[in-house]
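So the protein sequences, as listed, match chains A and B. Per my numbering, the first sequence starts with residue 45, numbered consecutively. Per my numbering, the second sequence starts with residue 45, numbered consecutively.
No lab work stands behind these hints, which were simulated from the structure alone. Treat the hints loosely; a few may be bogus.
Copies of the same chain are indistinguishable here, so a pair counts whether it falls within one copy or spans any two.
Unchecked claim - Straight-line alpha carbon distances no greater than 35 Å define the calculated DSBU-like cross-link-like pairs of lysine-lysine that follow: (1) 61 with 129; (2) 129 with 49; (3) 66 with 256; (4) 66 with 282; (5) 257 with 49; (6) 210 with 49; (7) 66 with 210.
2 protein chains.
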Amino acid sequence: MQIEKFEILAYSEAGFKPRQEKLAVEAHLDISVNGNRKYHALRTPGMDAELTVGWCYCQGMIESGEEVREILTTGEGIINLVTEKKTEFPAGEDLPPIDPSGGIRFAPAFLFDLQKDFFTHQQIFSQTGATHAAGLYDVNGSLLIFAEDVGRHNALDKCVGHLLLKNRLREAAFCLLSSRLSLEMANKAYRARIPVLAGVSAPTSLAVQLAKKQGMTLVGFLRPPRFNLYAGEWRLIKE
Amino acid sequence: MQIEKFEILAYSEAGFKPRQEKLAVEAHLDISVNGNRKYHALRTPGMDAELTVGWCYCQGMIESGEEVREILTTGEGIINLVTEKKTEFPAGEDLPPIDPSGGIRFAPAFLFDLQKDFFTHQQIFSQTGATHAAGLYDVNGSLLIFAEDVGRHNALDKCVGHLLLKNRLREAAFCLLSSRLSLEMANKAYRARIPVLAGVSAPTSLAVQLAKKQGMTLVGFLRPPRFNLYAGEWRLIKE
Chain A
45 MQIEKFEILA YSEAGFKPRQ EKLAVEAHLD ISVNGNRKYH ALRTPGMDAE LTVGWCYCQG
105 MIESGEEVRE ILTTGEGIIN LVTEKKTEFP AGEDLPPIDP SGGIRFAPAF LFDLQKDFFT
165 HQQIFSQTGA THAAGLYDVN GSLLIFAEDV GRHNALDKCV GHLLLKNRLR EAAFCLLSSR
225 LSLEMANKAY RARIPVLAGV SAPTSLAVQL AKKQGMTLVG FLRPPRFNLY AGEWRLIKE
Chain B
45 MQIEKFEILA YSEAGFKPRQ EKLAVEAHLD ISVNGNRKYH ALRTPGMDAE LTVGWCYCQG
105 MIESGEEVRE ILTTGEGIIN LVTEKKTEFP AGEDLPPIDP SGGIRFAPAF LFDLQKDFFT
165 HQQIFSQTGA THAAGLYDVN GSLLIFAEDV GRHNALDKCV GHLLLKNRLR EAAFCLLSSR
225 LSLEMANKAY RARIPVLAGV SAPTSLAVQL AKKQGMTLVG FLRPPRFNLY AGEWRLIKE
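Taking the hints into account, I'd like the entire structure generated from these sequences.
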């Protein structure tokens with residue numbers, strides 16, 4: 045269940061009136077890896093396996109979907125990832141920068157098209173106002189995976205985990221976010237080797253520094269017909 | 045430094061133009077308690093001692109500001125809290141509900157006045173669009189403390205820590221947030237014994253459940269002349 049109905053009192057100039065309101069469901073998830081408890085998430089239920097795999101990948105605990113042997117749900121809100129090799133947490137080594145000559149080049153309006161599609165998928169947000177969303181698109185602008193979650197980190201982890209389990213993460217070229225672009229969000233996109241990160245809202249200083257250093261294209265304040273380009277301008281077709 | 049200037053390319057229908065943009069500074073902070081590393085925060089620099097004390101309090105690691113013996117900054121982004129008694133992490137025991145007969149009663153328009161004041165303090169957000177804010181007010185609507193941070197949890201922790209160190213936390217009657225009202229935010233207000241939590245945005249299901257159970261008044265979508273009341277209606281003056 046991702047949405048819960050709830051009786052509230054709505055206040056307006058006419059006074060208080062009882063009304064039924066929809067709330068985004070937030071629920072606990074305890075993530076273990078090979079039996080060791082690693083993380084406690086407050087998340088929107090659904091895609092728990094994907095969330096677990098994506099979180100572990102973004103933390104450097106697994107390097108590919110092939111390392112996933114089993115994903116065990118041992119109770120309500122409890123999940124255990126069994127991996128092929130016993131990776132120590134965290135992996136530590138920095139990944140190399142994302143290849144700048146990777147061939148992804150796009151016109152500014154392409155981002156507006158992606159965002160238009162992105163907004164159509166925000167089903168929980170449109171009813172509750174309480175969720176963030178992440179969407180991963182391929183180089184042609186086709187949606188690979190979309191997720192909503194009360195936690196913005198979870199939304200992106202779910203998307204990354206889904207594609208890892210399908211062995212299709214390398215197809216992800218564009219990451220769209222509803223949220224601000226903080227270091228942690230940029231870092232997840234970087235670890236997932238997604239060259240272009242774009243969002244409706246503002247980036248932070250560390251996110252911009254990471255994007256510059258690691259060859260990512262970073263776009264903030266994506267609000268047609270405008271956006272701000274913070275890093276990776278060579279991927280933009282300018283005429 | 046809380047704001048950093050940065051050269052960007054601004055895209056509009058007229059094409060790309062270089063422009064100087066202000067970014068919210070995000071920086072690492074490692075929090076230790078009695079020499080043991082407990083938490084890594086990505087935060088807006090400033091009020092680091094308050095953030096540390098507030099975080100420890102909201103985690104149940106200290107029970108009052110009087111337990112704080114020393115706050116040592118041992119390097120850039122490294123802070124160590126030395127406490128009077130060696131509290132084990134986490135405290136564990138649930139606190140009792142907030143006293144419903146505590147005497148705080150207010151008219152709906154009172155919240156609009158608080159919010160009007162709140163918005164005037166969002167200095168970093170108005171320049172960068174990348175920070176959340178928390179403000180604590182006393183029963184008369186006087187601002188006790190206000191904080192902005194790239195992390196919404198940090199903003200509230202800073203406020204709580206500041207009042208703890210001044211031994212004035214018990215004066216906090218209203219907590220205003222710029223962010224969504226998730227369980228973690230409601231839980232911080234509850235641990236700080238603040239009876240009224242209100243925010244511009246939506247609550248989650250667990251935040252509403254906590255507020256109901258623990259005697260808090262929870263107000264979401266505070267957007268004059270309207271708001272939604274999710275819990276604790278007896279504190280509202282209705283005529």
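Here is how each hint holds up against the structure:
| no. | hint | result |
| --- | --- | --- |
| 1 | 61 with 129 | neither (58 Å within a copy, 50 Å between copies) |
| 2 | 129 with 49 | neither (44 Å within a copy, 45 Å between copies) |
| 3 | 66 with 256 | between (41 Å within a copy, 16 Å between copies) |
| 4 | 66 with 282 | between (44 Å within a copy, 24 Å between copies) |
| 5 | 257 with 49 | between (46 Å within a copy, 18 Å between copies) |
| 6 | 210 with 49 | within (34 Å within a copy, 41 Å between copies) |
| 7 | 66 with 210 | within (33 Å within a copy, 40 Å between copies) |
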